[in-house]
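Novice: Chains L and V are the protein sequences, given in the same order. Count the first sequence with our numbering and you get residues 51 to 164, in order. Count the second sequence with our numbering and you get residues 10 to 128, in order.
In short, the hints are calculated from the structure, not lab data. Any given hint might turn out to be false.
Stated by the list, open to error - With a straight-line cut-off of 16 Å between C-alpha atoms, the simulated EDC-like cross-links for lysine to aspartate or glutamate are:
no., chain 1, residue 1, chain 2, residue 2
1, L, LYS156, V, GLU53
2, L, LYS156, L, GLU55
3, V, LYS87, V, ASP72
4, V, LYS77, V, ASP65
5, L, LYS91, L, ASP132
6, L, LYS53, V, GLU53
Said to hold, decoys possible - Now the in silico label distances, taken between C-beta atoms and shown as ranges:
no., chain 1, residue 1, chain 2, residue 2, range
7, V, ASP66, L, LYS53, 18 to 24 Å
8, L, THR70, V, GLU27, 25 to 31 Å
9, L, PRO164, V, SER82, 40 to 46 Å
10, V, THR47, L, LEU121, 22 to 28 Å
11, L, GLU51, V, ALA11, 21 to 27 Å
12, V, GLU27, L, LYS53, 20 to 26 Å
13, V, GLU23, L, GLN163, 40 to 46 Å
14, V, GLU92, L, PRO164, 22 to 28 Å
15, V, MET24, L, LYS118, 47 to 53 Å
16, V, SER36, L, GLY109, 26 to 32 Å
17, L, GLU51, V, MET24, 28 to 34 Å
18, L, PRO89, V, ASN60, 41 to 47 Å
19, V, GLY37, L, ALA128, 33 to 39 Å
Even glycine gets a Cβ: it sits at the ideal position worked out from N, Cα and C.
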Amino acid sequence: ELKVEQNPLFLSMQEGKNYTIYCNYSTTSDRLYWYRQDPGKSLESLFVLLSNGAVKQEGRLMASLDTKARLSTLHITAAVHDLSATYFCAVVSTRRGGADGLTFGKGTHLIIQP
Amino acid sequence: DAGVIQSPRHEVTEMGQEVTLRCKPISGHNSLFWYRQTMMRGLELLIYFNNNVPIDDSGMPEDRFSAKMPNASFSTLKIQPSEPRDSAVYFCASSFGGLGGGIAKNIQYFGAGTRLSVL
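Looking at chain V on its own, in the form it has when it is part of the complex (with noise of 0.2 Å):
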């Protein structure tokens, strides 16, 4: 499997513009999550779906961020304006959930993030 992909690698942007995030899951995974990491704050959990369902978004810092799974196979996450303070590393994870899995169940599988930088 080729793990937890995320697109863009790197974001540049300008205050104000919009920027959308992706990520693509581990196949038969259930559960995705978006972190964001930054020195300050470091890893903050802002939302996560099962199933396809947004299960909490209570990490989501403010109405410009908005995340959606239209299937199960791709996530984004939206920022939408950005300003300078959003600049982070931002983490898809995916898990399996529910009955069965074994030990492995529920360990979240990092993708490599994407670096935004809002100028």
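Here chain L stands alone, though its shape is the one from the complex (with noise of 0.2 Å):
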């Protein structure tokens, strides 16, 4: 069963610091995603990264994958207060009929103040 790791859960930090949210998953696969939920919104697709080495950046979000360590990373810089949310790694786990079937990993619930 594929199993998909978010690492903190929780993330207290303030404007203008650097941090890094860690997206461990069980078993191999070719694409992961990183999704936004703001609370009680809907998810916004954020990146989706297809091969080895991939690096995806968006104003100040990073995304990285590494698929021998089965490790994404997601680095923040210089962080603003719009930035806070909760963020979502998901795995493709079963592919069938064209269509990718995710698991998600719980979500970084990341709180950024002034």
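With the hints as a guide, dock the two chains, each given alone in a separate frame, to form the complex.
Specialist: Here is the structure:
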């Protein structure tokens, strides 16, 4: 059974600081997703990482994938309050009929304080 | 595009009642997913469809849960009878898979969710 573990699960940090969220998964997968969820809202796709060594950046967020280590990281640079949210990684657990069933991590609840 | 549309946004019902959640996927998407989110268990995939056909329902918790997709623009998730432990936020998501689609292929786009409370 595929397991997806994120750490930390809770993170409180100050504006302007850098930090990294880690996502480990237990079986091989050819793609990994990062999503953001604001309180009481839906999930928004941030990144899809397709291959070993893939790196994607959007503003202050940068995601990377190491398929050999089964590890993805989401790095936050010079955090700002607007990045406060819960961040999920998700890994393909089943692929049938051209559709990917995803297993999500528990999420990292990020609070950025002024 | 309006995105994935779910209804109702909130549902409060009593134990034993039938509950039906509805979803309209993004036009042109050929895969549809139902998830459940709770504090204790996080996000769980319940079932997904490809070209209106159920592909994997291994996440459906019990026979009380059923899902249908009668056409490419509509799906329902039904709970009968409902129980308090079914209280959760239920999300529907859709994606485009198969040939073409580029980097956006298989990215799942989520609806706003239905918050279900079973008393």
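Novice: Hints first: check each against the structure and report whether it holds.
Specialist: Verification of the hints:
no.: 1; hint: LYS156/L x GLU53/V; result: holds (10 Å)
no.: 2; hint: LYS156/L x GLU55/L; result: holds (7 Å)
no.: 3; hint: LYS87/V x ASP72/V; result: holds (10 Å)
no.: 4; hint: LYS77/V x ASP65/V; result: holds (12 Å)
no.: 5; hint: LYS91/L x ASP132/L; result: holds (15 Å)
no.: 6; hint: LYS53/L x GLU53/V; result: holds (12 Å)
no.: 7; hint: ASP66/V x LYS53/L: 18 to 24 Å; result: holds (21 Å)
no.: 8; hint: THR70/L x GLU27/V: 25 to 31 Å; result: violated (46 Å)
no.: 9; hint: PRO164/L x SER82/V: 40 to 46 Å; result: holds (45 Å)
no.: 10; hint: THR47/V x LEU121/L: 22 to 28 Å; result: holds (27 Å)
no.: 11; hint: GLU51/L x ALA11/V: 21 to 27 Å; result: violated (36 Å)
no.: 12; hint: GLU27/V x LYS53/L: 20 to 26 Å; result: violated (34 Å)
no.: 13; hint: GLU23/V x GLN163/L: 40 to 46 Å; result: holds (42 Å)
no.: 14; hint: GLU92/V x PRO164/L: 22 to 28 Å; result: violated (43 Å)
no.: 15; hint: MET24/V x LYS118/L: 47 to 53 Å; result: holds (49 Å)
no.: 16; hint: SER36/V x GLY109/L: 26 to 32 Å; result: holds (29 Å)
no.: 17; hint: GLU51/L x MET24/V: 28 to 34 Å; result: holds (31 Å)
no.: 18; hint: PRO89/L x ASN60/V: 41 to 47 Å; result: violated (35 Å)
no.: 19; hint: GLY37/V x ALA128/L: 33 to 39 Å; result: holds (38 Å)
Of the hints listed earlier, those the structure fails to meet are numbers 8, 11, 12, 14, 18, in rising order.
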